[in-house]
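Line order of the protein sequences matches chains S and L. Residues 1 to 266 in our numbering are what the first sequence spells out, letter by letter. Residues 1 to 278 in our numbering are what the second sequence spells out, letter by letter.
Think of the hints as simulated: they come from the structure by calculation, not from any bench. Only true hints are included.
Listed below are the simulated SDA-like cross-link pairs for lysine to any residue, each with C-alpha atoms no more than 25 Å apart in a straight line:
1) Lys246(S) x Leu265(L)
2) Lys249(L) x Ile109(S)
3) Lys249(L) x Thr227(S)
4) Lys249(L) x Ala228(S)
5) Lys249(L) x Asp237(S)
6) Lys249(L) x Pro110(S)
7) Lys124(L) x Gln200(L)
8) Lys249(L) x Thr137(S)
9) Lys249(L) x Thr115(S)
10) Lys249(L) x Glu244(S)
11) Lys249(L) x Pro168(L)
12) Lys249(L) x Ile134(S)
13) Lys246(S) x Leu267(L)
14) Lys249(L) x Asn184(L)
15) Lys249(L) x Gln120(S)
16) Lys11(S) x Arg27(L)
17) Lys249(L) x Gly248(S)
18) Lys246(S) x Gly260(L)
19) Lys249(L) x Ser241(S)
20) Lys249(L) x Ser128(S)
21) Lys249(L) x Glu135(L)
22) Lys124(L) x Arg150(L)
23) Lys124(L) x Ile143(L)
24) Lys249(L) x Gly150(S)
25) Lys124(L) x Arg147(L)
26) Lys249(L) x Ser242(S)
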Amino acid sequence: MPKRGVAWIRKHRLGTAALVLVLFATTPHTGNGQFLDPCCAMLAAGLTTISNTLSNVVGGGLHSILSVEQSISHFEQQVVWPQALISQARALVGQLQGTFNQIQALSQIPVNSATLPGSQQLEQNLLSRNPNQIAQTTAAYNAVYGTVPGETDASAQVRDLVDMTDAAAQAAMKRAIEIDSLADLELQAAGQITASVEDAAPGSAPILEAQADAWLIRANACTQAATADLLRLRAVDLADSSAELKIGASSTANLRQGLINLLQHN
Amino acid sequence: MHFAVYVGYVVLLSLCSSLVMNFRSRRHIVAAALAAVLVVTLVSPPAAPAQGSLITAVQAVLNVINGVIQAALQAISSVRAAVGTFYQSVAWPVELIAQARVEVLQMMNRYRHLMAGILNINLKSATLPAPQALENLMRDHQINNFRGLRQAFTNAYRTIPPAADASPEDRAMADMDDALALDNLETLKATDSATDLELQAADSLENAAAQAAPGSAPFLTAAATASSIRSQALTQKMLAAELRQEAAKMAHGNELRKRGATFTLQLRGVLINLLQHN
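Can you make the complete structure from the sequences, with help from the hints?
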């Protein structure tokens, strides 16, 4: 039998060599046993170390961050933005809105008092708070205070004075209508802002405050415009007084000259 | 898995052996051998890692945890702690918040009653019954007695003269003057009442400020600013009333001037005629 095998190998040398080569190349690798294998033990030890490290380093670090975050959160909720005080402030704003509505109503109480037709019409125009009524102011004014005298009824100096005084008075009355209307709009805007504040958050309230500040600047400007017109009116009044003196001086000089002429003729 | 690999290996080996035995040409044998090597190589399991590389991998993971991750967590923790410290010591220090509240309370106690006392000083000065009644009504801050105010005004300043006693121009101007004076007195009563409400609102806002937190104060400041707008609006309404009043006063004087000019011209004409007749 062995001789036959050796003989067969000699006869198929090339095939035998190929078979050996195949066997060598395809021999299965040795596998690692799950028991008593040092590699598995090391793997287990490595994983345990990783786990411990994760617990200590990562877990500890996250716990530290959590405690800091909790401290900040507590501070913000108790000191910076306490919900109870925020609700209390909102409730106060709601109460103030009621007070402010009363103020707005007070500013619109009708106060008309004139009894004669001409003065009633002028008074109604002046208290209308409606800028569209300004176009009718001059006619109502003339009905009560008359117009500038004609050229045959007064000197040019007096006519200028009368016209200027009428103009200043009428402009002031028209400005008063404008200011009343603007004040109404400001009251409306203030009401809207207050209503918004009632529903605002601590982070959005400053935005509304900025808007309210802008409206306050606008309101100050309107107050200044009204004050300016008042000053203009008083300036014209002062100029009127001065003009009266000038006219009186001129009339006295004319009278003196007339008397002199009269005496000379006699 | 391993069992299946071994079974496959045995089957493949048997197949190759039988092929080698049956092949006659060298080329067939070589092709079969290469095919077998190729197939086994493709289906063979991947090489197992060495023990040394496992240790290296574990150490690398540990290095990442102890290095990058630990450093990042420490950095985050220290930054958050710094933010917390900043909040508590710079942005919203509790001591200063409490101090501000105390200061608000101190100012309330110091000024509120003082100012109220000044505002409530009695200014009435009339001595006769009719002026006294008018003065009382003018200054009572009430808006439900305008009828009484008008009656008191008429009692103090009398009524418009009847048509038989005065010219239409004089009657119209007197009526207009009285109307604007009464309008403004009524407006002032309403404004006095509104001022009282504004002062109450200011007191409420100040009371709330004494208990406010940084997060609730913006509500109060916004409401206070809106209240300032209303205050300005009321001031403007009073200015408008003053404009009307001053304008009417000037218009009155101007109307007298117009009539004076006409009278002067008429008088001059009369004098000239008189002199010419003489």
